[in-house]
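Asks: Each chain, written out:
There are 2 protein chains.
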Amino acid sequence: MENRTLGDRAADELMRLIRERGYRAGEKLPNEYELSAQLGVSRNTVREALRALASRNILYIRQGAGTFISEKKGVADDPLGFSLMEDRQKLAEDLLQIRYIVEPQIAALAAQNATPEDIAILGDLCDEVEALIHKRQDFTQKDVDFHTQLAACSKNMVMSNLIPVICEGITVFAAMVVEQEFDQTVKSHREIFESVRDGRAADAQQAMLFHLLYNRNRFIEGKDL
Amino acid sequence: MENRTLGDRAADELMRLIRERGYRAGEKLPNEYELSAQLGVSRNTVREALRALASRNILYIRQGAGTFISEKKGVADDPLGFSLMEDRQKLAEDLLQIRYIVEPQIAALAAQNATPEDIAILGDLCDEVEALIHKRQDFTQKDVDFHTQLAACSKNMVMSNLIPVICEGITVFAAMVVEQEFDQTVKSHREIFESVRDGRAADAQQAMLFHLLYNRNRFIEGKDL
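Those protein sequence lines, which keep their order, are chains W and V. As numbered in UniProt numbering, residues 1 to 225 make up the first sequence, in order. As numbered in UniProt numbering, residues 1 to 225 make up the second sequence, in order.
No wet-lab data here; the hints were simulated from the structure. Wrong hints could be hidden among the right ones.
Intra- or inter-copy, both count: the list cannot distinguish identical chains.
[As the list claims (entries may be wrong)] Simulated crosslink set (DSS-like; lysine-lysine; CA at most 30 angstroms straight-line): (1) K72 - K90; (2) K28 - K187; (3) K90 - K28; (4) K135 - K28; (5) K155 - K187; (6) K155 - K135; (7) K90 - K142; (8) K73 - K135.
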């Protein structure tokens, strides 16, 4: 606590204000003058607080346009310190291990808890991944989106924020150099989607486990080459 | 990428330098003059880069003493955005749900992978929690330390960084108001520790599952009061 500046304390107050007023992603915050008055601190301190919350991805500052609530929901860039892990091969294996543990359970929860709106979005993402695969294009980001939407379907707020961190970690920080698996991905995603849509939790869980283990085996075989 | 400043780019360079030189937690970085020369940027830009990495808990700046590598291993404060989640009761339940899914598997991996040094530290923490409980003192932080060390025993680097985030999230951000459970914690921790020590993965997994579900049931009963 010894290092807490005026700016840190103003950042806490600003957080409280954001929570209380229920700002949504993309909404604009009051300007520096108004925040200075509302928080009872100098404009310099307001600016320091805004920068601190921007660095935590709670808001973003667009020069000249103002300050807005971030879409990133306060999830930091590289929140779990992957960029400091030197052994990228081991990082890939550890991230995959977390996926085998967590994602089959997420698929089961998704089948149990998804709303019709959630399922519609999941179905669209399933189609989009499939379209990219048919065109033999890179589908990495849409694949992350599919798994992230599945986490959103689980209705566990923490999973929703954690899964993209884990999935993107594999592509951004870890040594995943295996070629993309096309046909099996289409089949597995479709099976996961249909199980979730029909509320078949056990099937969803097993389809996800198979999907991840299939990819792990390809990863391990890739290492042996 | 449009918003990347000179400081951001210098921060990336500094990260590379930290990884390449293999600095350990607590080690001191070169001073601003030296970094300015090594990175080929102005001292102002160095200072900006240092502040950015400090805000990510990769290093910390002690006024007058210099800049050091942080013990926090680049895990951000509130990395997953818990402070923005308004429903603290739901957050508690979601965090507990992740613990049931993840920690029994961690216990099994710990039993399989822990080194004698890991086990010695785990045993000490088990003793320390027990001593606090016998004195009827608050053992929240030591409990987090026990579960974090178990994650370290699993040898999954990501789990090591994730588990304290989840466990501390429950006490810091969520609405966990259940009184502490004393006797059952002593018994469960001891059973988990002994299973890990003896390499009994299945027993470790089951002991952890029981430990967490026992606490969940108390939490649910607490809600009904």
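Asks: It remains to establish, for every hint, whether it holds in the given structure.
Replies: Hint-by-hint comparison with the structure:
1. Taking identical chains as interchangeable, the C-alpha atoms of K72 and K90 lie at most 30 angstroms apart whether they share a chain (27 angstroms) or sit on different chains (20 angstroms).
2. In the homo-oligomer, the alpha carbons of K28 and K187 never lie at most 30 angstroms apart, since the shortest distance is 42 angstroms inside one protomer and 52 angstroms across protomers.
3. Taking identical chains as interchangeable, the C-alpha atoms of K90 and K28 lie at most 30 angstroms apart only when they sit on different chains, with a minimum of 27 angstroms there against 42 angstroms within one chain.
4. For a Cα distance limit of 30 angstroms, the shortest separation of K135 from K28 qualifies neither inside one copy, at 39 angstroms, nor across copies, at 51 angstroms.
5. Taking identical chains as interchangeable, the C-alpha atoms of K155 and K187 lie at most 30 angstroms apart only when both belong to the same chain, with a minimum of 25 angstroms there against 33 angstroms between chains.
6. For a Cα distance limit of 30 angstroms, the shortest separation of K155 from K135 qualifies neither inside one copy, at 33 angstroms, nor across copies, at 40 angstroms.
7. Within a single copy, K90 and K142 get their C-alpha atoms as close as 25 angstroms, and across copies as close as 29 angstroms, so both meet the 30 angstroms cut-off.
8. In this assembly of identical chains, K73 and K135 lie within 30 angstroms of each other by CA distance neither inside one copy nor across copies; the values are 33 angstroms within and 41 angstroms between.
Against the hints set out earlier in the document, violations occur for numbers 2, 4, 6 and 8.
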